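*Asks:* Sequence:
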Amino acid sequence: MPTKDYLNYLKDTPKTGVIYVLDKAYEMGYDPRDKRWSNLGQGAPDTESFGNKTRNQSINVTSHNSEYAPVAGQIELRKNVAAYYNSLFRIGKESKYTYKNVCIAGGGRVALSRLVATLGNINMGHFIPDYTAYEELLSIFKNFVPIPITLEKEQRYKMSIDSLKNEIINKGLSAMLISNPCNPTGQVILKHDLEQWVDVARKLRCLSIYDEFYSHYIYHNEKKPIVMSAAEYVKDINDDPIVIINGLSKNWRSPGWRVGWLLASEEIIERVSSTGSFLDGGAGHVLQEEASKLLDPKQTLHEASKIQAVFKQKRDYTVSRLKEMGFVIDAEPEATFYIWCNLSNMPKLLQDSQRFFEEGLKEKVITVPGLFFDVNPGKRRLKKHSRYNNYIRISFGPSLESIKTGLDNIQAIIKKHS
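In our numbering, the protein residues as written are 16 to 433.
Note that these hints are calculated values from the structure, not bench results.
Worth double-checking, as some hints may not be accurate.
[As the list claims (entries may be wrong)] Derived lysine-lysine pairs resembling BS3-like cross-links, with alpha carbons at most 27 Å apart:
hint	residue 1	residue 2
1	308	39
2	206	111
3	180	218
4	94	430
5	239	206
6	108	39
7	338	431
8	431	377
[As the list claims (entries may be wrong)] Beta-carbon label-pair distances, calculated as ranges:
hint	residue 1	residue 2	range
9	34	220	35 to 41 Å
10	220	308	35 to 41 Å
11	293	30	31 to 37 Å
12	20	169	49 to 55 Å
13	38	331	28 to 34 Å
14	175	377	41 to 47 Å
15	169	207	21 to 27 Å
16	48	369	40 to 46 Å
17	293	359	43 to 49 Å
All values derive from a computational prediction rather than experimental measurement.
Where is the CB? At the ideal position from N, CA and C, for every residue including glycine.
Using the sequences provided together with the hints, build the complete structure.
*Replies:* Structure below.
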């Protein structure tokens with residue numbers, strides 16, 4: 016069949032890791048209602064309620080909320096986002112966020128798209144391994160140069176403050192994209208370490224973009240739940256070069272709502288809002304109204320406490336089972352709901368992440384090959400040199416029942432090829 020000429024006019028855009036593995040799974044007969052299947056590749060938390068309570072998700076649609084919302088977001092929601100950060104992270108601080116420091120967008124990727132589309136001709140650092148969707152987001156806009164920075168397993172996928180300074184200065188970075196907590200490694204920069212990172216950004220005037228979508232999934236043995244944000248260490252909110260991206264999908268367990276936000280200086284918010292006017296037009300009005308009801312700080316802490324208790328149990332169970340099966344875990348996850356698994360001790364056929372994924376589909380379990388986390392904007396580095404072909408990401412986002420099924424299926428794969 017001859018190639019259609021008009022296809023030459025279109026860019027060949029690859030799918031993100033989660034979408035790719037789901038498409039392949041559907042081709043193999045995957046049905047999320049089929050209890051024999053387990054999606055350990057999912058990038059969303061279990062949305063079922065904890066305990067016996069059910070979530071009230073009825074929505075009142077009116078003539079008003081059927082109209083377009085402001086591109087920067089509904090003012091009431093913007094006020095509530097600012098109040099959330101002030102209540103949890105700005106108590107006793109002179110500088111406070113207002114609604115003018117908040118821009119609402121249709122999810123985290125849209126929020127980040129608005130920001131990177133607004134960047135000028137600069138070098139922007141990003142880490143690897145990292146979130147798969149960053150790859151296209153960092154390559155589709157040609158106004159800046161993405162510079163990869165490798166996080167080493169020997170340092171547990173973390174970077175010292177001196178190394179951070181050297182990266183910024185030696186590579187001439189004007190901006191940094193920081194996934195904190197990090198997908199897929201599950202590592203997190205907290206407390207004094209995070210304060211130092213914010214301080215370096217301030218002193219070197221390096222725009223630091225913190226993706227904080229997993230900031231309620233932190234597993235530390237403390238009596239009260241930990242929720243974190245770089246906002247706690249900002250001194251002057253309208254001068255410090257700190258941008259925070261967050262939203263409902265992970266921390267409020269509402270991935271289908273597609274409501275996210277940026278938190279930054281008034282000048283940055285004004286510019287990214289202008290970009291949104293042509294890029295996406297704004298988030299859904301009715302869901303913004305509902306989102307305002309979820310951002311009560313007291314209720315948020317209560318929900319975070321339940322999240323951390325339930326997901327820590329799932330993390331501990333999953334890590335234990337994976338280790339028993341022979342997986343190498345370079346650094347156990349301190350946060351998120353992902354485990355970054357080294358396949359080097361697996362049977363030879365299963366040491367390749369793509370082959371492991373394909374064999375998994377035959378046993379009705381979905382994983383994500385490590386290659387997808389080798390964020391490589393513009394394909395400037397050869398994939399054959401990737402460090403992550405012998406890694407997979409396992410999610411403990413699903414229910415514990417589904418996790419147990421998936422791990423049983425993985426055990427069957429290993430036994431089959433041993």
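*Asks:* Next step is simple, just say for each hint if it's right about the structure.
*Replies:* We went through each hint and held it up to the structure:
Distance restraint check for residue 308 and residue 39: the Cα-Cα separation of roughly 37 Å exceeds the 27 Å cut-off, and the hinted pair is therefore not satisfied. For a cut-off of 27 Å, the pair hint linking residue 206 to residue 111 stands: about 20 Å separates their Cα positions. Restraint check for residue 180 and residue 218: the C-alpha separation of about 10 Å stays at or below 27 Å, so the hint holds. At most 27 Å may separate the alpha-carbon atoms for a hinted pair to count; residue 94 and residue 430 exceed this at roughly 55 Å.
Taken as a hint, the residue 239 and residue 206 pair is honoured in the structure, with Cα atoms around 15 Å apart against an allowance of 27 Å. Straight-line distance between C-alpha atoms of residue 108 and residue 39 comes to about 50 Å, which puts the hinted pair past the 27 Å bound. Taking the CA atoms of residue 338 and residue 431, the gap is about 18 Å. The hint holds against a cut of 27 Å. The suggested pairing of residue 431 with residue 377 holds, with an alpha-carbon distance near 11 Å, which does not exceed 27 Å.
For residue 34 and residue 220, the Cβ-Cβ distance of about 37 Å falls inside the hinted range of 35 to 41 Å, so the restraint holds. The beta-carbon spacing between residue 220 and residue 308, approximately 38 Å, falls within the hinted interval of 35 to 41 Å. A hinted range of 31 to 37 Å is violated for the C-beta pair residue 293 and residue 30, which are about 25 Å apart. Against the hinted window of 49 to 55 Å, the Cβ-Cβ separation of residue 20 and residue 169 comes to about 51 Å, which satisfies the hint.
Separation of residue 38 from residue 331 is about 32 Å and conforms to the stated range, judged on CB atoms against 28 to 34 Å. About 43 Å separates the C-beta atoms of residue 175 and residue 377, a value consistent with the hinted range of 41 to 47 Å. Checked against the given bound of 21 to 27 Å, the beta carbons of residue 169 and residue 207, roughly 22 Å apart, stay inside it. One distance hint, 40 to 46 Å for the beta-carbon pair residue 48 and residue 369, is violated here, with the actual separation near 27 Å.
For the pair residue 293 and residue 359, the beta carbons lie near 47 Å from each other, so the given range of 43 to 49 Å is met.
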